[in-house]
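**Q** Chains P and W: place on chain L using the hints.
Protein sequences, first through last, are from chains L, P and W.
Counting in numbering that gives the first Met the number 0, the first sequence runs from 0 upward without gaps.
Counting in numbering that gives the first Met the number 0, the second sequence runs from 0 upward without gaps.
Counting in numbering that gives the first Met the number 0, the third sequence runs from 0 upward without gaps.
Calculated directly from the structure, the hints in this document are not laboratory data.
Keep in mind it's a predicted model, so treat the numbers as computed, not measured.
Glycine residues also receive a C-beta, built at the ideal position from the N, C-alpha and C atoms.
Warning: the hint list may mix true and false statements.
[Claimed, not checked] Capping the alpha-carbon separation at 30 Å, the derived lysine-lysine pairs in DSSO-like fashion look like this:
id, chain 1, residue 1, chain 2, residue 2
1, P, 114, L, 317
2, L, 406, L, 177
3, L, 396, P, 185
4, L, 177, L, 261
5, P, 277, W, 110
6, W, 178, W, 316
7, L, 349, L, 123
8, W, 110, P, 185
9, L, 180, L, 201
10, L, 201, L, 396
11, W, 110, W, 316
12, L, 36, P, 114
13, P, 277, W, 316
14, L, 261, L, 180
15, L, 254, L, 233
16, L, 406, L, 277
17, L, 277, P, 114
18, P, 114, L, 59
19, L, 59, L, 144
[Claimed, not checked] Derived list of chain W stretches under chain P, where covered just means 3 residues or more per stretch with a C-beta under 8 Å from a C-beta of chain P:
id, region
20, 104-116
21, 299-305
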Amino acid sequence: MKKKNLAILLVLVMLLSTLTGCGGGGEEETGDAEPFKVGAIYPLSGANALLGTQCLAAVKIAVDIVNANGGVQGRPVELVEADAPDPTAATTEAGRLVDQQGVQVIFGSLASGNSLAIAGVTEKSGVTLVESGGIADAITDSGFKNVFRILDKGSLRGAAGADYVVSALAPMLNIDAKELKVAIIHEESAYGTSVADGAVAKLEELGVNVVIRESYNSTITDMSAMVLKLQDAKPDVLLSVNYINDAILLVDTLKQYDAMPKVMMGCGAGTTDPNFAKTIGADSDGIFCTDMPTNLPLEYFTDEDMNQVVSEFRERFKTEFPDLNNVSVAAEAAFAGSYTFLNNILPNAKTLDAAGIREAALSTKLDMTTLGFGWDLGDDGQNYAASANINQWQGGKVVTVAPERVKNGDVINVPLPIAAQ
Amino acid sequence: MEQILQVFISGILSGGIYALASVGLALIFGVVGLVNFAHGEYLMLAMYIAYWIFNIVGLDPYQSLLINLVVMAAIGYITFKVIMERVLDSDHSIQMLLTLALSMVLQNLALMFFKADYRNIRIDMTNDIMNIGFITLNTPRVLAFIIAIGASVLLYLFLQKTFTGAAMRAISQNGKAAQLMGINIKSIYCLAFVIGTTLVGLAGLLISPIYPAFPTVGASFSTLAFIVVVLGGLSSVPGAIIGGLFIGVIESFAGYFAGPAYQQAAYFLLFILVLIFKPNGLFGRS
Amino acid sequence: MIKKLIVKQNSVLWIIAVGIIIVPFILPNRYFQDIAVMTFLWAGLATSWNLYSGYCNRLSIGHAAFMGIGAYTSTLLYLNFGISPWIGMLAGGALSALTALLIGGITLRLKGTFFVLSTIAFGEILKVMTITSTEVTSGALGLMIPFQPGFANMIWTGKIPYAILAWIYMLVALFISVKLEKSKLGYSLIALGENQEAAENLGVNSTKTMMTAFILSAVLTSFGGTIFSQYIMFIEPTSVMGLSTSINFILLAIAGGLGTAFGPMVGSFILTPVSNLLRGYLAGISGLHGFILGMILIIILLYRPDGILPQLKLLSKRILQKLDKPKKGE
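Only chain L is shown next, with the shape it has when bound in the complex (with noise of 0.2 Å):
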């Protein structure tokens, strides 16, 4: 009897690793040419799964569309999905997608501690790793070749952010800027370090007073304590680091202490994410949201076929995800590094090696992308045209109030009226 048992476990453990084995190793039959074979690693688990799960989503239109008009040098694109919860998990995937698959380009990786991890994987063997969601600015200022990233960095957001602040809403609130009080509070993980010390640097270089800098755990589910001091130091504007859970409660807790100051300043991810407007409601309104350009009006994209690969993408985005009522920025940026990527990058890869593949990244410009703006690499991989869009929650959607040449509207609220009094 015992015996039975030990040989019914033994023989499902087995069963289990072999049964595994063979199912992921199959090879799919995509037409004569030899597919070309990408990679996606994103935290399909745990507790970044939600985003993960969106932008994976995003990168599988991305190819779906590239091969609809005949993929890559005219080979197919077959994509390989990966699910690493942690850096550690991220290690061995990369290896696995690298190694056991053959893929010659990995889309990622949302986490930036993720984003490091694979990167030291691809950089040793030759495969190229194009970043649409790790904003920590460690990714491409390590000295990796074959990193290229097409996102702004997270210190270069943080001082955008920042820089609106001072010169275009101080005015607006009749603070001088050297009078100006701005409070700092941003989630402790290292997106939220990151967009944090940038904002902070450039606040020192404008000479403006920085009251107060908290960081918390994203999940803090009560922030009464946090709120109290923050309304002890009686700050003009707060600027917020936040992911979405944190964000709606972070609102809700100041309106409930009355401690909104007049200006809330979001730099990222919660204060963008579509459920942000849609949980709290009216109260969003004339909140800013400091990002990569989101939810463009089609209008926007001139060049008809991206105007209608754009629309093709929130299509089949909102389908997947019926829940959203706007297709969040994370899987925005995943859509358009994949989709930018195969689309307008690899075609002009005299080989589609490491070296034909950077060769072909650093020397592309595009005036546009389906992120709103270029494509123009520095030799750390960065994409020095991406650049932050400064938004604000008007009437339960995104309006970008600037830069100038991307702006769709008028900056509303400011004071905010929920502000304290």
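**A** Then chains P and W, alone, in the frame of chain L:
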């Protein structure tokens, strides 16, 4: 001064929820002798139940309270019968790892079926406040506090005043002797486990209007509940109530004076200090 | 004679432990070699954890802190002062020993569950300290080790040297475990785990015994941390020092066989590849791999609570008996 009182009160309000999330754990530990690492996952399940009832039927968490508790009791019963009952006599380390594995299974089941999305329950009351003097109180947090403390006190009275409660206390003090006195020990274990999971479910339901449900939401509450229960002396229900309030207040003061980054570290530090001076917890029997 | 050797002397297990190093050489590519490195490393870490927690049956759920101390000490010394990680590894070990002395002084006298939970608290405090001391550790941003291959840097291009290093680490941990089992310290430790009062009455110095084993376990875990950081080349507090890392030690050890020298190794040999392969090939449905891994554990625990190793021993015994019978008939 006003602000400090406000910080104190907001800590007490959070503490009420921590207390409720922890009494169940204390009860299960005291009576069944089981360290349940999947405790927080029951909180997560209750939040999802509240969300789906709200989303599909339109009943808010307070209206669906009874249904939710019945479902949570059923889930607790099934867990006990299918899994826990088999390891009652096993080593502590086996039991702990089993509950760890269970929490892994439940979290990933939620991820598979409910996806990673944050499920918010937004009711009119979510941002309501009451003002008492200069003190501001968030209505759902006050309601949560009152119900939480009410439920904890009811549990205490149940243990003190009823025959079944007395049996539970007897088992908690001396399992073998209780068995000799003719108490059906397995059904008492089962009842304690079911009450424990129902209570942590109630805690989940009470925070659902102010905090979203997602697959890993239980994890942070699990660790917290453990700290509370150890502070309170492991198996003591009143100890867990006071421990919960205590942690809430410490967390709040640490957040206010040192900053939110130190909130967790503060109660862990306090926890260690208590263990240095009172190795059996604040209210433990030595 | 052979039977005796196999069942009693662990020689088959030694042969497996030593011979397993062939595996990375015959594996087809670096992905599988990576899994082999991880398997050896986790086997070594779980064996180190088992030295204290397994033998005296008091689970430390904060052990990732020691792994973190090892990883951070060697990395910071390497990045800031160019000190070789080989020396950094020893420095990390020394720091871990000191930390273990301090933590042990407070927690080791605590009873059962109080001890278990106090280790969580210590682990979390050290993690928060690492996150908040941004000036030294660069906090949540983590530390990246530049790729400069060389023996002195403990960095190599291929996976094989790492596999050998992790394998040696595992063998050292195993060797110490086996030695411990046969030493007075080991006997005392096991006795304490079974019944502390009785052991103390028989003259076991519980404080000294537990402290020695705790420090030994912490130092070995810390060595593993250094190897880990030199292999992944990127460390951050949440993934290195988090609760889930500590839980993984326990998981491997209990699944293999708690408090046996070879149990954690067997646990890692089975569970590390299975969990990595599951994650690798079941990425299509989020959560499926975690669910299956959890179910496997539940099944092991419900039906084979003393772990896989004792079952394997039993099985081999039975097979040997069967092999013996026909011989007698002849």
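**Q** Now tell me, hint by hint, if it's right for this structure.
**A** Results for each hint:
1. P:114 <-> L:317: holds, 16 Å
2. L:406 <-> L:177: holds, 28 Å
3. L:396 <-> P:185: violated, 58 Å
4. L:177 <-> L:261: Measuring from Cα to Cα gives roughly 17 Å; hence the hint holds.
5. P:277 <-> W:110: Distance ~12 Å between residue 277 of chain P and residue 110 of chain W Cα, so the pair holds.
6. W:178 <-> W:316: OK: residue 178 of chain W and residue 316 of chain W at ~24 Å, within 30 Å.
7. L:349 <-> L:123: Roughly 21 Å between the alpha carbons, so the hint for residue 349 of chain L and residue 123 of chain L holds.
8. W:110 <-> P:185: Holds, because 26 Å separates the two Cα atoms, which is no more than 30 Å.
9. L:180 <-> L:201: This hinted pair holds, its Cα atoms lying about 14 Å apart.
10. L:201 <-> L:396: holds, 28 Å
11. W:110 <-> W:316: Outside the cut-off at roughly 38 Å; violated.
12. L:36 <-> P:114: Cα-Cα ~28 Å, so holds.
13. P:277 <-> W:316: Outside the cut-off at roughly 49 Å; violated.
14. L:261 <-> L:180: holds, 11 Å
15. L:254 <-> L:233: The hint holds at about 15 Å.
16. L:406 <-> L:277: holds, 23 Å
17. L:277 <-> P:114: Roughly 19 Å between the alpha carbons, so the hint for residue 277 of chain L and residue 114 of chain P holds.
18. P:114 <-> L:59: Since the Cα atoms of residue 114 of chain P and residue 59 of chain L sit roughly 18 Å apart, the hinted pair holds (cutoff 30 Å).
19. L:59 <-> L:144: Holds - the C-alpha atoms of residue 144 of chain L and residue 59 of chain L are around 26 Å apart, at most 30 Å.
20. 104-116: holds (count 10)
21. 299-305: Check passed, 3 qualifying residues.
Comparing the model with each numbered hint stated earlier shows that hints 3, 11 and 13 do not hold.
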